[in-house]
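Start from the sequences, fold in the hints, and give me the full structure.
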Amino acid sequence: MESKRSEATRNRISASLKATREKRMHQEKRVVLLKVNKSTLSASDSDRLGRIFAEAKWVRNSIVALDDAHSYKYDEHKKVVHYDKDKNAITDDITMPSVYHRGVVDAVFRDISNLAKAKAKGIEVGKLHFVKSVDSIDIKTGFVKIKGSEMISIPGFPKLRVYGLGQLKRYGDSCEFADGKLIRKPSGYYVAITVCIDKDDMPKRAKTGKAVGLDFGPSKITTSDGEVFAYYEEETERLRFLERKLSRKKKGSTRYKRCLMQIRVEREKAYNRKKDAAKKVIVDLMERYDTVYFQDEMIASWHASPSYSGRVQHSFVGAVKALLMGIFSGTNGKRAFCIQRGFPTTKLCCTCGEVNSIGRFQREFYCAYCESEEGDRDVHAAETIKKLGSAIRAQWLDEPCVEGDSSILGGVLERYRKGQDRLMKRRLSETAAS
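The letter at position 59 of the sequence shown is residue 59 when you use full-length UniProt numbering, and the numbering goes up by one with no holes.
Any given hint could be a false lead.
Unchecked claim - Listed next, the in silico EDC-like pairs over lysine to aspartate or glutamate satisfying Cα-Cα at most 16 Å (straight line):
no.: 1; residue 1: K275; residue 2: E233
no.: 2; residue 1: K181; residue 2: E233
no.: 3; residue 1: K23; residue 2: D201
no.: 4; residue 1: K147; residue 2: D173
no.: 5; residue 1: K347; residue 2: E297
no.: 6; residue 1: K29; residue 2: D179
no.: 7; residue 1: K347; residue 2: E374
Claimed, not checked - Label-pair restraints from in silico Cβ distances:
no.: 8; residue 1: T351; residue 2: A192; range: 46 to 56 Å
no.: 9; residue 1: A118; residue 2: K249; range: 36 to 46 Å
no.: 10; residue 1: D84; residue 2: S42; range: 21 to 31 Å
no.: 11; residue 1: D67; residue 2: K204; range: 51 to 61 Å
no.: 12; residue 1: G353; residue 2: N332; range: 42 to 52 Å
no.: 13; residue 1: D75; residue 2: S136; range: 15 to 25 Å
no.: 14; residue 1: K79; residue 2: A19; range: 34 to 44 Å
no.: 15; residue 1: R360; residue 2: E124; range: 32 to 42 Å
no.: 16; residue 1: K249; residue 2: K269; range: 20 to 30 Å
no.: 17; residue 1: A118; residue 2: V265; range: 26 to 36 Å
no.: 18; residue 1: P344; residue 2: G172; range: 41 to 51 Å
no.: 19; residue 1: D67; residue 2: R110; range: 52 to 62 Å
These are calculated hints, taken from the structure and not from any lab test.
Positions of the beta carbon are idealized from the N, C-alpha and C atoms, including for glycine.
Have a look at this one:
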């Protein structure tokens, strides 16, 4: 494809990409998720949507099977080979629009590139494997258009009714549309659009001059101000009923697949409720505080522990931490700052700098060295996280420590400096790559 382009065409494309990159540096990105209105889809359109995702899986697996994946050209391959349940080869025409075909191919190339980058950093990686399904397809910039208050246009579907276009009103008429994604979930089909807004047009947030530390527990989050955020939701009765019903079905049958889809829908609803609660906590913290300090807790290890697995499974602690990690990377530590997991925040006394031995069921913090009492152990840990985070952040951003003199913590900071340096370099490199 590249060899067919003239020198003038290549120069024009290069100049356009450079201008777009420079423009994006002065813009904020937001993602708007639109749900396809299934009630207005014709039977043929519904079948075509399902066919697109089936072909996407076939194309991806056929590329992975090649010895040289980069030899695959989306504009040259018009047929794809896939296999039925008895492993008989079937050759089908690729009927999905070339935009989706190219999106699937580019996604495979991007995965290969990411594996190569990880391997170059010394991370042990494997190879790409075959997938059972592809549930997200990239759409290039310029192929998603707004046709009305409830209608959009994407390749192959010039008039697609969706829910959620009202979200665009908050960004005004100056926003631009970048790339998008066609997504399949148990609850239906979605279109995600990346919206770019000029930073000057974004609402300015008034600084509060406040900072807060967060201490994560298996089922709750405690702040340095003594506030507690908790969310706990077990499996619903309907989900338990469906899982019992599934156990009585013949695996692979039509009724088994139908029941399995109902379970996936129910689990998606529970996940959405958990994520909504987590986002509300994040918005509340970001509005009231300039900086949020937290620790890179080993939540995956808690989840594997018999003592904590149930509470971690049904709480929103992991979702809150994931959102904060995204803010930490996206703002270079200015709005949210993470300290590495090795710091003994619960055991450390900020008065004398000594590390105490505290039992699991000891709820009040008491320092055996200076005999200071600081009340609830979780509030004490959150306060320690705030002080440690402020001192480390001041070193990294070359700013004064807003929490006052941190010299008493110098020994602890020096002891865990290497781990913190690794955490910061990894996060900052991820930000630069994105």
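Hints and how they fare:
1. This hinted pair checks out: K275 and E233 have alpha carbons roughly 12 Å apart, not beyond 16 Å.
2. As the CA atoms of K181 and E233 are separated by approximately 30 Å, the hinted pair breaks the 16 Å bound.
3. Distance hint between K23 and D201 is fulfilled; the C-alpha atoms sit about 14 Å from each other, no more than 16 Å.
4. Of the supplied pair hints, the one linking K147 and D173 holds, its CA atoms being roughly 14 Å apart against a limit of 16 Å.
5. The hinted pair formed by K347 and E297 meets the criterion: a straight-line CA distance of about 15 Å does not exceed 16 Å.
6. Taking the CA atoms of K29 and D179, the gap is about 11 Å. The hint holds against a cut of 16 Å.
7. Of the pairs offered as hints, the one joining K347 and E374 holds, with about 12 Å between alpha carbons and a cut-off of 16 Å not exceeded.
8. Between T351 and A192 the beta carbons are some 50 Å apart, a value that agrees with the proposed interval 46 to 56 Å.
9. Checked against the given bound of 36 to 46 Å, the beta carbons of A118 and K249, roughly 40 Å apart, stay inside it.
10. Checked against the hint of 21 to 31 Å, the pair D84 and S42 passes, with Cβ atoms roughly 28 Å apart.
11. For D67 paired with K204, a C-beta distance near 55 Å keeps the hint of 51 to 61 Å intact.
12. Between G353 and N332 the beta carbon distance is about 29 Å. The supplied range of 42 to 52 Å is therefore violated.
13. The supplied range of 15 to 25 Å is met by D75 and S136, whose beta-carbon atoms lie about 22 Å from each other.
14. A beta carbon spacing of about 38 Å between K79 and A19 agrees with the range 34 to 44 Å that was offered as a hint.
15. Distance hint for R360 and E124: a CB-CB separation of about 34 Å, consistent with the stated range 32 to 42 Å.
16. Between K249 and K269, the C-beta spacing of about 21 Å keeps the proposed range 20 to 30 Å intact.
17. The hinted window of 26 to 36 Å between A118 and V265 holds, with their beta carbons roughly 34 Å apart.
18. Here the CB-CB span from P344 to G172 is close to 48 Å, well matched to the stated 41 to 51 Å.
19. Hint check: D67 to R110, Cβ distance near 19 Å, so the stated range 52 to 62 Å is violated.
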